[in-house]
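Heads up: the sequence lines are chains B and W, in that order. The opening position of the first sequence corresponds to residue 135 in my numbering, with each subsequent residue numbered one higher. The opening position of the second sequence corresponds to residue -6 in my numbering, with each subsequent residue numbered one higher.
A portion of the hints provided could be inaccurate.
Computed footprint of chain B on chain W, listed as stretches where at least three residues anywhere in the stretch have a Cβ under 8 Å from a Cβ of chain B [stated by the list, open to error]:
| id | region |
| --- | --- |
| 1 | 6 to 18 |
| 2 | 29 to 38 |
| 3 | 55 to 64 |
| 4 | 89 to 103 |
These are calculated hints, taken from the structure and not from any lab test. Even glycine gets a Cβ: it sits at the ideal position worked out from N, Cα and C.
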Amino acid sequence: MNDKSDRLIDKKGVRLDGRKADELRPLKLQVGVLSNADGSAYIEHGKNKILAAAFGPREMHPKHLALADRMVLRCRYHMAPFSVPERKSPAPSRREVELSKVIRESLEPALFLELYPRTGVDVFIEVLQADGGTRCASITAAALAIADAGVPMRDLVVACAAGKVDDTVVLDLYDAEDKLGAADVPVAYMPSLNAITLLQMDGILTPDEFQQAVDLAMGGCKKIYEMQKEALKTKYMVVKDVEEEKEVDE
Amino acid sequence: MENENLDEKFMPTFFEKKQLVTPGELLAEGDYLPGENTYAEENKIYAQRIGLVDSDNKKINMVALRAFYVPKVGDIVIGTVMEVGFNGWTVNIKSPYNAMLRASDVLNRPFKPQNDELSTVLTAGDLIVAKIASYDRLHDPQLTVGEPGLGKITRGQILHVVPTKIPRVIGRKGSMISMIKQETNCQIILGLNGVILVTGKTPEDEELAITAIRKIEQESHTSGLTDRITQLLKENNVNVEEPKNE
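If we strip away everything but chain W, and leave its shape as in the complex, we get (with noise of 0.2 Å):
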């Protein structure tokens, strides 16, 4: 009983902002909620990926730096088509579970075997872009692309990061991600699972995108990691431009 009492005027925190942790470090003794990535056992908040910590008043939350997708209803992905079913297609979206599509969706009307083939409409190996429309613990994800800006990609390229990077992409309100949008001239589409499709007028353009992306990833537990980028698409504009003024 002392030891609660004690505990509660304490609450002891075991870690300085934005640290890097281990699974199993003990971050937090007292009156905690667990936030992302961590758990409570008897009172202690415990981290449960490699990651960086951040505390919001009493929830302890952590950055993972390692990490997997996992399906959210209303997230926009971007998936492979792996299998042609009978109603339907099996997507990988890059998460421990395979997305469904269905052929009623894509199509826009009631389904009928006799006169639809799936496989004129999309075929293993395709890319689309896609929402996920529901999902579960007892059941895998479905999707949908009944939507403006979804459906099959045709042109661009894509290149994989590590899902948890995708906020930091994005940036605050979106600051990252349209600057490389503007200074680049390309087309960004990021998708939740950590998949990013870029299509630009040039390949050059894209490879640009791709490059600033890159870093962003590899450097996103760094700080001033923004300024960084805003020098690299400056410079790499600059190449850019000269050409053209002579």
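The shape of chain B in the complex, shown without the other chains (with noise of 0.2 Å):
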């Protein structure tokens, strides 16, 4: 390859997606989609899309899963075969298996698991396409999903990655940049409580470039929680307002 092509951040600073270092791409989120789940929640995140559906607490199946003390949180994340350039087999691959276990670990702390004992809730995650950041957008659905079943929950759990491109601290990294750059560093927060529930990092970067990035990707999450609290009330404001409008005009 030669010097030009590798460029991802232009000399304005700008990325191969027009956007700045600390910027979002857009973002789009709707809660309540599927009327056969008990909550469910749709994200538009930049190029991916993707669907979650949340489940119960209900009585586990099979029964022998079920744990006497508290309740048991399984997540499912797949990426459906055409949800990338080159058909992906359905069947679960090592690295999906490696995000539903990831992606549960950053929502259970979200729960409060001992009050419902010997039940299950279950999340299934459908990536129908990926443009990087997968991971993050769909613990970001998967925390609306679960709050629209009405699950008992600490504080909504948002992800976001932050990651080095060009020498350069960058939010929220698309599929070439992930590709492409040298780090990723994705996070899952849970803003109210100022606390992590996710951190990971792949890639090589100095400590004070690990700070800057966890920093900005928790900047990141902040921004995409107001629209996560936005989305999850909207379903709701809709018919206030509207009835409430009806009432002045009377």
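Join these two chains into a complex; the hints should help.
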């Protein structure tokens, strides 16, 4: 590759997709999109399109997986065969099994597991279209789906990544930056409690850069958190506004 | 130490009455008590669910807009028989736990497997009105039908609502539900698990009652709901009565 095509950030500090270093991709969040699930959410994070559905708490199946002293959270992260440019086998890959575990562990601290012993909550995450940062977008959507199912939560979990591209620490990497960049730091965060529930790093960063990346990602999380709350409220605000407006008219 | 003293003096709350909040939202700080659907951490009260906040003196309460039914001893519920077992039935009461109904409770005498065929009494798919007889963290709920008004449902229509909205359907001192009953001539049994049985003389009556309850469920968090429901019932009742007069 020649020098020019290698550059991911131009001289003005603009990235390949036109964003600045500390800019998020456009986000769209929607709650309650699936009527058969107890709770559901849909997220469009840049070109990522992800559906999350939550069921429960309900009796655990198979029964031997139930725990006598707490609730069990199960997550399934799955990518649709058509979610990536080259067809992906629908069978769960090593990466998907790992991400399911990582997502589960990032959501668990937000739940009151001890409240409903012997039950289980299932979360199914289906990636319809992937463009880098799907684990983060999945966590954001899954937290909304669980809240929509009416499961008590300490806080909504939001996730966002930061990383290093062309010696610059940038927010919210997309596919090309993730693959060609130097490092990727996904962070899942509970903003109200100021608690990090997931912190991973892939690549090489100096301690300073790492700190910078975590701070940047947490800043991104806070922005997404506002949208997340908005999405959850919208469903009920619409009815409220319409009805109260009617009253004013009368 | 300084901070602690300050907290006690100010004790701020961060919401307006009936404000819509989401899980994790900070509701109050200081010497408050967590009520329904809220929790306390380090002197701060947070929301657990999406719902509407309200405070009662020092207690912060929330009415959840999304929740599931958690059994409570003494509650009347409506359930579906899922399975006929050796000495009773497994009943789905739309809660995280399946309920058990014992054969001896239904038969009102000791149950002998050689004499009684349980599936002739209740089979899978049957709907029952029952009362929660016992329930705790370690044991699944037990049901009883040994009281007047309880037992198998033979007619009427079933509808499901979010269980936390049942109090809204009942209304203040039962005002809402008695109004619906009166205006539609329907008998209505409210299962606290969010299942409602409507039995009327005609399907039209039942439909009207169901429409009204659906409206309450959807708009339970808005103000002036009682008036709108009254209007809905009156408007539709005129349509029903007119043909009779002609």
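Hints versus structure:
1. 6 to 18: holds (count 5)
2. 29 to 38: With 3 residues closer than 8 Å to chain B, the region 29 to 38 of chain W meets the three-residue bar; holds.
3. 55 to 64: Satisfied; 6 residues make the cut.
4. 89 to 103: holds (count 3)
The structure fails none of the hints (numbered hints given earlier).
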